[in-house]
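Produce the complete structure using the sequences and hints provided.
Residue numbers (our numbering), protein chains in the order written: chain A, 21 to 516; chain B, 161 to 477.
Read the hints as simulated data drawn from the structure, not as lab findings. The structure presented is a predicted model; accordingly, all values stated were derived computationally and were not measured. Built from N, CA and C at the ideal position, the CB exists for glycine as well. Some hints here could point you the wrong way.
[As the list claims (entries may be wrong)] Simulated coverage check for chain B against chain A, where a stretch passes if three residues somewhere in it have a Cβ under 8 angstroms from a Cβ of chain A:
#1 337–343
#2 346–352
#3 356–368
[Said to hold, decoys possible] The list that follows gives simulated cross-link-like pairs (lysine-lysine, BS3-like), each with its CA atoms no further than 27 angstroms apart:
#4 A/K335 <-> B/K364
#5 A/K416 <-> B/K364
#6 A/K342 <-> A/K381
#7 A/K389 <-> B/K364
#8 A/K381 <-> B/K423
#9 A/K43 <-> A/K88
#10 A/K342 <-> B/K364
#11 A/K82 <-> A/K70
#12 A/K203 <-> A/K178
#13 B/K274 <-> A/K342
#14 B/K276 <-> A/K360
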Amino acid sequence: MNDEYVLQLQHITKEYPGVVALKDVSLEVKKGEILALIGENGAGKSTLIKTCSGAVIPTAGKIVVNGKTFTSMSPQLAAENGIAIIYQEFNNVKGLSAAENLFLGNPIKKGIVIDKKAMEREAEKAFNQLNIKIDPKKLVGDLTVGYQQMIEIAKAIKQNARVLIMDEPSAPLTSAEVESMFKVCELLKAKGVSIIYISHRLDEIFRLSDRIVVLRDGEYVKTLITKDSHVEELIHLMVGRDLTETYPARTDCINRDETVLELQNVSGNGDKDISFQLHKGEVLGLGGLVGAGRTELAQMIFGAVEKTSGRMFLKGKEIHPKSPRQAIDAGIALVPEDRKRHGALLTISVKNNINMPTYPKISFLSVIKSRKESEVATYYQKNLLIKTPSIHQIVKNLSGGNQQKVILGKWLAANSELIIFDEPTRGIDVGAKVEIYTLINRLVEQGKSILLISSEMEELMGMSDRIIVLAEGKITGELKRDSFDQKTIMRMASAV
Amino acid sequence: MKSKVIRQLQDKAIWIVFLVLFIAFAIANDKFLSSSNLFTIARQVSMFGIAAVGMTFVILIGGIDLATGSIITIVNVVAAYLMVKMEFSIAAAIGTSLILATAIGALNGFMVAKIKMPAIIATFATQIIFEGAAYMLSGGTPIFGFDPAFKIFGQGYVGPVPVPVIIMAISFTVGAFILNKTYFGRYFYAVGGNEEASRLSGIKVNGIKFLIYSLSGLFAGIAGIVMLSRTNSAQPTAGRGFEFDVITCVVLGGVSVSGGYGKISNVIAGTLIIGILTNGMVLMNVSTYMQMVVKGLVLILAVGFDSIQNKNGLVKL
Numbered sequence: 021m022n023d024e025y026v027l028q029l030q031h032i033t034k035e036y037p038g039v040v041a042l043k044d045v046s047l048e049v050k051k052g053e054i055l056a057l058i059g060e061n062g063a064g065k066s067t068l069i070k071t072c073s074g075a076v077i078p079t080a081g082k083i084v085v086n087g088k089t090f091t092s093m094s095p096q097l098a099a100e101n102g103i104a105i106i107y108q109e110f111n112n113v114k115g116l117s118a119a120e121n122l123f124l125g126n127p128i129k130k131g132i133v134i135d136k137k138a139m140e141r142e143a144e145k146a147f148n149q150l151n152i153k154i155d156p157k158k159l160v161g162d163l164t165v166g167y168q169q170m171i172e173i174a175k176a177i178k179q180n181a182r183v184l185i186m187d188e189p190s191a192p193l194t195s196a197e198v199e200s201m202f203k204v205c206e207l208l209k210a211k212g213v214s215i216i217y218i219s220h221r222l223d224e225i226f227r228l229s230d231r232i233v234v235l236r237d238g239e240y241v242k243t244l245i246t247k248d249s250h251v252e253e254l255i256h257l258m259v260g261r262d263l264t265e266t267y268p269a270r271t272d273c274i275n276r277d278e279t280v281l282e283l284q285n286v287s288g289n290g291d292k293d294i295s296f297q298l299h300k301g302e303v304l305g306l307g308g309l310v311g312a313g314r315t316e317l318a319q320m321i322f323g324a325v326e327k328t329s330g331r332m333f334l335k336g337k338e339i340h341p342k343s344p345r346q347a348i349d350a351g352i353a354l355v356p357e358d359r360k361r362h363g364a365l366l367t368i369s370v371k372n373n374i375n376m377p378t379y380p381k382i383s384f385l386s387v388i389k390s391r392k393e394s395e396v397a398t399y400y401q402k403n404l405l406i407k408t409p410s411i412h413q414i415v416k417n418l419s420g421g422n423q424q425k426v427i428l429g430k431w432l433a434a435n436s437e438l439i440i441f442d443e444p445t446r447g448i449d450v451g452a453k454v455e456i457y458t459l460i461n462r463l464v465e466q467g468k469s470i471l472l473i474s475s476e477m478e479e480l481m482g483m484s485d486r487i488i489v490l491a492e493g494k495i496t497g498e499l500k501r502d503s504f505d506q507k508t509i510m511r512m513a514s515a516v
Numbered sequence: 161m162k163s164k165v166i167r168q169l170q171d172k173a174i175w176i177v178f179l180v181l182f183i184a185f186a187i188a189n190d191k192f193l194s195s196s197n198l199f200t201i202a203r204q205v206s207m208f209g210i211a212a213v214g215m216t217f218v219i220l221i222g223g224i225d226l227a228t229g230s231i232i233t234i235v236n237v238v239a240a241y242l243m244v245k246m247e248f249s250i251a252a253a254i255g256t257s258l259i260l261a262t263a264i265g266a267l268n269g270f271m272v273a274k275i276k277m278p279a280i281i282a283t284f285a286t287q288i289i290f291e292g293a294a295y296m297l298s299g300g301t302p303i304f305g306f307d308p309a310f311k312i313f314g315q316g317y318v319g320p321v322p323v324p325v326i327i328m329a330i331s332f333t334v335g336a337f338i339l340n341k342t343y344f345g346r347y348f349y350a351v352g353g354n355e356e357a358s359r360l361s362g363i364k365v366n367g368i369k370f371l372i373y374s375l376s377g378l379f380a381g382i383a384g385i386v387m388l389s390r391t392n393s394a395q396p397t398a399g400r401g402f403e404f405d406v407i408t409c410v411v412l413g414g415v416s417v418s419g420g421y422g423k424i425s426n427v428i429a430g431t432l433i434i435g436i437l438t439n440g441m442v443l444m445n446v447s448t449y450m451q452m453v454v455k456g457l458v459l460i461l462a463v464g465f466d467s468i469q470n471k472n473g474l475v476k477l
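So this is what it looks like as structure tokens:
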């Protein structure tokens with residue numbers, strides 16, 4: 021029985037302090053099959069495959085490769101045992117040729133000199149085997165992303181990979197490139213190489229895979245035989261959970277006559293032709309999978325990245341935010357996804373963080389009115405219930421939820437009308453989450469407007485008045501609160 | 161919390177180091193404690209101290225300014241040239257050369273903020289350029305013969321206190337005021353802690369960098385005027401290597417080389433330490449070369465301490 025499988029993951033569990041990322045997940049890969057691994061954002065796909073490369077050490081469970089059992093892997097062990105992972109970020113050197121990249125780390129040498137000719141010959145052979153046409157002399161930096169990926173695959177095969185794990189391989193590719201990548205996958209399959217294929221694109225999975233493993237919330241859900249399944253079943257398995265968390269109730273405070281933000285055919289930063297309206301007192305949810313272009317859209321509205329075309333209106337007045345400063349002055353705020361890198365200023369105090377965007381307003385000839393500074397900070401510390409020994413505390417020492425509140429306090433002090441929340445509860449414990457939700461409710465009750473980006477389906481549905489779904493930089497659907505449905509959203513997000 | 165305790169300890173530690181060194185030199189050499197020697201030290205460190213204010217700002221935002229020495233040189237030569245060869249008044253000569261110093265700083269700021277050049281290379285290049293320019297302007301020979309009134313900035317006294325010490329005290333006060341009382345100071349700490357988060361909080365990061373390098377040029381320029389007035393002669397090598405001492409003063413004063421942390425009060429201690437160290441070694445007949453070795457070691461020690469803290473995650477995340 022065991023001979024049939026080239027790779028088995030048995031009862032893999034991975035715990036982080038306070039979080040279980042993987043709970044008793046098992047899967048098997050047969051020789052020469054393409055196994056698709058699917059699940060929502062945060063389902064545990066990436067963590068699972070990282071246990072195969074040694075990037076993640078499982079808390080419990082076994083990894084069996086060709087009958088050999090391991091409790092954890094390392095990059096070397098993985099390579100020795102024929103496991104190769106193609107990440108979304110390629111592991112190549114752009115200034116070297118295709119051939120040199122293929123032999124990166126163990127070049128063919130003549131004495132102590134690198135034998136370029138021989139490497140180019142060998143590279144040609146390796147590429148021919150996969151039916152790919154790349155000039156081995158060409159610099160990798162001059163090749164398209166599709167070809168760069170082919171080189172990665174060729175490299176893995178040259179190192180005798182028996183199991184190839186591909187993480188969202190089609191994401192950066194054009195449709196023509198996807199076709200050639202599929203051909204290579206089929207070819208490898210025919211040669212007996214097994215592939216674990218991770219993708220959000222369900223249509224690809226149905227075209228390519230033999231079996232499908234579904235994960236949800238870090239747990240194994242089901243294995244399907246692709247030809248006996250269909251999209252609806254898959255979507256049901258991916259999202260099939262009941263809405264458990266309760267979201268604090270909110271009275272409808274939308275003023276439909278007053279449009280706060282309007283986008284007309286806005287493009288740029290990877291997004292194309294985005295149009296929508298956000299009303300006063302409304303929470304507009306932005307749904308979609310990771311990489312759908314939601315954060316990118318937020319960056320454009322906030323002026324962190326300039327849009328390339330289209331028009332943007334704030335309360336009926338056209339705006340062209342070229343910098344966050346301009347957006348802030350117009351009344352737009354962003355609570356960013358990466359709290360520690362982009363949100364809170366960790367090395368300075370709560371007081372300084374809260375006042376940061378507004379210092380010129382509480383200063384005279386650039387000298388800060390320090391009483392005012394403390395008043396504002398104390399007001400928002402009390403108002404938002406920020407748990408800190410004092411307003412002089414360095415923000416780094418606060419918990420995630422309280423850091424998030426400091427960021428929010430900063431925007432309230434700046435009197436922002438439109439607040440964009442990008443994954444506001446990521447990495448925050450449950451109690452603090454509810455507090456953030458309550459705050460969002462309070463904000464709309466006070467007449468603020470909210471754009472809410474969330475990868476947690478429940479949070480998105482629980483908090484939004486309306487949801488717009490993005491996929492690959494385009495709006496693929498819009499739902500009103502009464503027609504919210506996990507499967508519909510999932511279908512829009514997967515663009516099927 | 162732990163990091164806070166250690167930070168506070170380190171806060172005081174530099175003054176303890178200063179006291180220990182002070183006592184050690186006082187015991188080792190009886191001339192050290194004489195009032196004339198103490199004034200000599202004060203006058204010597206005044207130039208470092210003035211330039212250290214600008215350098216503190218620069219290092220606070222995670223930058224570096226290697227042009228300080230050559231700004232001092234060019235200010236020496238230009239001010240002297242204007243006074244002696246062009247018959248400028250003292251005020252006009254000082255004004256013009258300080259504008260030049262600020263402009264050189266602004267050039268550094270432009271290259272770092274707008275063009276995104278690494279500060280170490282941009283300021284290294286200006287260092288070489290203006291050292292060369294100073295040499296060309298002076299023809300390689302000293303320029304001297306100023307109006308005796310010009311002596312006041314380097315050699316004058318107000319009561320018992322030397323004028324350069326007063327200029328240093330004013331510089332430190334202005335520096336501390338900017339850092340603690342104005343919102344520019346808040347911006348400096350924010351930018352030094354995290355540039356991108358600062359930008360997303362509405363700070364014009366590029367403008368801040370431009371301002372800081374300009375200020376660093378200005379403070380170096382003031383130090384240059386003091387030096388010219390002290391030596392009464394413009395040497396085309398006047399400021400060579402000066403940035404090394406200034407950087408050492410600042411880093412020894414606990415300003416983190418990766419940015420975000422630092423206080424003027426401790427930079428004063430750092431400056432005084434370099435002052436008594438140099439003076440003490442001279443009194444004890446330590447050779448110039450040995451002094452270089454010692455100063456290099458001190459810099460390694462100061463930066464090493466800072467880096468170990470960074471590595472242990474006590475300072476930055």
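How the hints compare with the structure:
no. : hint              : result
1   : 337–343           : holds (count 3)
2   : 346–352           : holds (count 5)
3   : 356–368           : holds (count 9)
4   : A/K335 <-> B/K364 : 25 angstroms, holds
5   : A/K416 <-> B/K364 : 23 angstroms, holds
6   : A/K342 <-> A/K381 : 21 angstroms, holds
7   : A/K389 <-> B/K364 : 21 angstroms, holds
8   : A/K381 <-> B/K423 : 25 angstroms, holds
9   : A/K43 <-> A/K88   : 23 angstroms, holds
10  : A/K342 <-> B/K364 : 12 angstroms, holds
11  : A/K82 <-> A/K70   : 14 angstroms, holds
12  : A/K203 <-> A/K178 : 18 angstroms, holds
13  : B/K274 <-> A/K342 : 16 angstroms, holds
14  : B/K276 <-> A/K360 : 24 angstroms, holds
Checked against the numbered hints given earlier, the structure satisfies every one of them.
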